[in-house]
Amino acid sequence: MTQNHKELTARTFVDVHAIQEELDQVRWGLHADGGGSEAAQHAAAEARASVCNLIAVVSNEPELGAISSVLDRLSVTNPSRTLILLAQHTRAADKLEAEVSAQERTESGHRVTTERVLLHAHGEPARHLASLAAPLLIPDLPVILWWPGRPEFDSPLFNDLCELADRLIVDTDEGFDETDLTRLLGVARRKTARASIGDLNWARLIAWRHTAAQFFDMPGMLARLAHIHGVSIFHGSDGSTAQARLLGGWVRSRMATVGIDVPLEFRPDDSHEHGVCRFLIYTGGDEGLARFSLKRLRGNRLLTQIRLGDQDLSPRTVRLESRPAEELLGFELTLPGHDVLFEQALDAALR
Amino acid sequence: MAQAVTTPITQNILRDGLILPRTPDPAAMVIFGASGDLTARKLMPALYNLALNRYLPSGFSVIGVADTAISEDEFRSRVADAVQKFSRTQPVDRAVWQSLAEGISYVRMPFDDQDGYGRLAAELDRLDRERGTNGNRVFYLATAPQFFSVIIDRLGSSGIAKTGEGWKRVVIEKPFGNDLKSAQALNHAIHSVFTEQQIFRIDHYLGKETVQNVLVFRFANGIFEPIWNRRYVDHVQITVAEDIGIERRGKYYETSGALRDIFQNHLMQLLSIAAMEAPPNFDADSVRDEKVKVLKSIHPIDVAKDVVRGQYGPGWVGGQQVPGYRQELNVSPTSNTETFVAVRLKIDNWRWADTPFYLRTGKRLPSRASEIAIQFKNPPHLPFAKTAVEELTPNWLVMRIQPHEGASLKIAAKIPGPVMRLRTVNMDFFYGSSFMVESPDAYERLVLDCMLGDATLFAREDEVERAWGLVDRIEAGWALQPPPFPNYAAGSWGPPEADALIEQDGRRWRRP
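First to last, the sequence lines map onto chains C and U. Quick note on numbering: the working numbering labels position 336 of the first sequence as 336, and the sequence is numbered without any gaps. Quick note on numbering: the working numbering labels position 49 of the second sequence as 400, and the sequence is numbered without any gaps.
Derived from the structure by calculation, the hints contain no laboratory data. Please note: incorrect hints may appear among the correct ones.
Some chain C residues near chain U, calculated using beta-carbon distances under 7 Å [unchecked claim]:
#1 T211
#2 A212
#3 Q214
#4 P219
#5 L222
#6 L225
#7 R254
#8 A256
#9 T257
#10 L308
#11 D310
#12 S314
#13 R316
#14 T317
#15 R319
#16 G337
Beyond 12 Å from chain C on every Cβ pair, some chain U residues (computed) [stated by the list, open to error]:
#17 N404
#18 N485
#19 E605
#20 E641
#21 S686
#22 E854
Covered by chain U, per the in silico footprint, the following chain C stretches (three or more residues, Cβ under 8 Å) [to be verified]:
#23 197 to 209
#24 288 to 301
C-beta atoms are modelled at their ideal positions from N, C-alpha and C, and glycine is treated no differently.
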């Protein structure tokens, strides 16, 4: 794979019109090798491929570096106009700076151009960055708000940005407790400043959900699902339970659609430090007792097993992808509108 | 304890919202020709990647069948090596492979050996008992075509292909016959054992993501279909160009040629999906009905006027000097096998009447490219000064199958400045750089579809026979006079007659 990366960064601005003008300039500048030549004009006339406006909010410089790297990698597959808000309202002395840059990458002969604006604010301006972000968005493209850490649910910035955004993406694995999860669900349900919610932690559960659902694709197994009488979820020993709660909430919410209330049991497991380790579904009924189990193995694998009575069926080992943040984020960007299943799972997890 | 059910469960509600295909029933896949190249390069890597990505069911099993004197362990070791070498995902996950390999066994037998089928039946019974495959079978014929009929016959006479518990399906690789008569005979032989719904004739081109994307491009975007007709389209060019020669396939290619190897299947498939009407839905028969209608509507070809054949001589490709076709391994020095075909077709229906379709395929052309290119008619009137637009080229919409899969629209734009000057710019959409998911290999998609019983991307009996009918007509025309071979240099875009074919209509071939 051939890769080439060219970047042009503009000086600091605080005026929104100046930023907009500079966005055009830096983009043009990437192709300006021939000055005003027809070749340069032709290159600049190339269609801009943008799939969304992406707003990322960070609160400190070290986090800015990490988030910028993720966005760099994301831009290859999801070219977007990206606004990074470094919002530090607790720092004294009001400050507002902007930095505009455009990146051009060539991957396997395909050129991808993206623009990025970094808005850096201290003090009061940091609370009102949404007012600067709004006019910088590309019209008619969805606005995705990515809040990498725990959101400040009560802050004006969070609520103004939710008002602006079509979709809020968080990572509940970033230490979300029950209160945070409740407030997150509230964002999806409130009347104003309402955004659909995406969660990278939920995206990490796709392999678990898929593999668990496959159990009941097998001939004769669907009838057993009607006699589910319990679910046990083992989670890592570090005490973070958001992922396990979501997985349990998912089963409970799905089964609620057919009027079945599923008891959930959560237990720590020393075999792994973090995340869901084992997922067991118990069924009974006329077909007899059965246990459907998924177990996380070292090396990003899942072992699937079915026990019918005292008979074990053929076990299966499949991959449990460990996806980096940009892939999880990229996946979330492909989802249209409200992720009703996630919201129902979250709701059920909190009951 | 859980409450009593208030709503019956009729579908797998845990699958709601998962953007992933249904899981096939547990099944055994019997691969005839298990020691061959296709099994090593395509089938086993495809099965491994399906297993890796959780698409295969528990209990899925493979029985390799071949007449090669190796033990079961040696067979497993061979296919493990093949997966190691040819899997698109690397490194190979040993635990996942091990889990799949536990269901792999080997039956050594000549394909016509009735006793061998008895042993095969016993092995299938064992898998039903021990791995829960429940009588579900895929018979994959990855053999040379001359074995197709005998294998089908023995599957029937041994009772293995009998329905009863579980489903039975048969996958047949191309070439499906070598003319209309042999294709009809093969269809007849297969139908004596399997119904049409059980038959999956594979053309791996249809498994390619980008070929399927042509259908999405056409039928999921409201802006293209209204102009996809004779009123707005000047003509269509469909190209399947290869820069390679015949490599080590001389023996096969001598009996095939470009007409049978590519035109009869890949080019006909691309023509069908480019020209078909919108199906009412995406089920197998709805899509295939529309494709067959296109083939039925092809205006009878005048071979002398509408078809050009060619054979490459020595030349230079990609900076390398290469031999001519007649100098290739296992090729007769006086061979008259064609390595290039260009055809002008017309489709007699309301959508396409009088709109020419130019199809070409060839070996040792300057570059590898597969594409469907549509040239739109010029605007009826240009309000600009003649000098401003004389170099303006028509609008082209190009759907590239490979390489650089995607779509490209060529449009006119004004060059900035005080004078009205126009020039042509390309708007490109690159499939690979717009979606994060790596495209699966065509075989992964097709094997999975077969296991799910979805024949949409497989050729139907009438489709195959229609395509062979066209090939037979061309062959009959060619038989009237010997070809002046070789007639194009390796590294060129085919014989001059191919250029003349399109230039006499006032058009030119695209450079893909």
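Each hint, compared with the structure:
1. T211: With Cβ-Cβ at 6 Å, under 7 Å, it holds.
2. A212: holds (6 Å)
3. Q214: holds (4 Å)
4. P219: holds (6 Å)
5. L222: holds (6 Å)
6. L225: holds (6 Å)
7. R254: holds (5 Å)
8. A256: violated (10 Å)
9. T257: holds (6 Å)
10. L308: violated (10 Å)
11. D310: violated (16 Å)
12. S314: holds (5 Å)
13. R316: holds (5 Å)
14. T317: holds (4 Å)
15. R319: holds (5 Å)
16. G337: Where the cut-off is 7 Å and the nearest Cβ of chain U is about 12 Å from G337 of chain C, the hint is violated.
17. N404: violated (7 Å)
18. N485: For N485 of chain U, whose nearest Cβ neighbour in chain C is about 6 Å away, the distance does not exceed 12 Å, so it is violated.
19. E605: holds (36 Å)
20. E641: Label holds. Min Cβ-Cβ 28 Å, cutoff 12 Å.
21. S686: holds (37 Å)
22. E854: At about 28 Å from chain C, E854 of chain U clears the 12 Å cut-off, so the statement holds.
23. 197 to 209: holds (count 3)
24. 288 to 301: holds (count 3)
Violated hints for the displayed structure, listed by number in ascending order: 8, 10, 11, 16, 17, 18.
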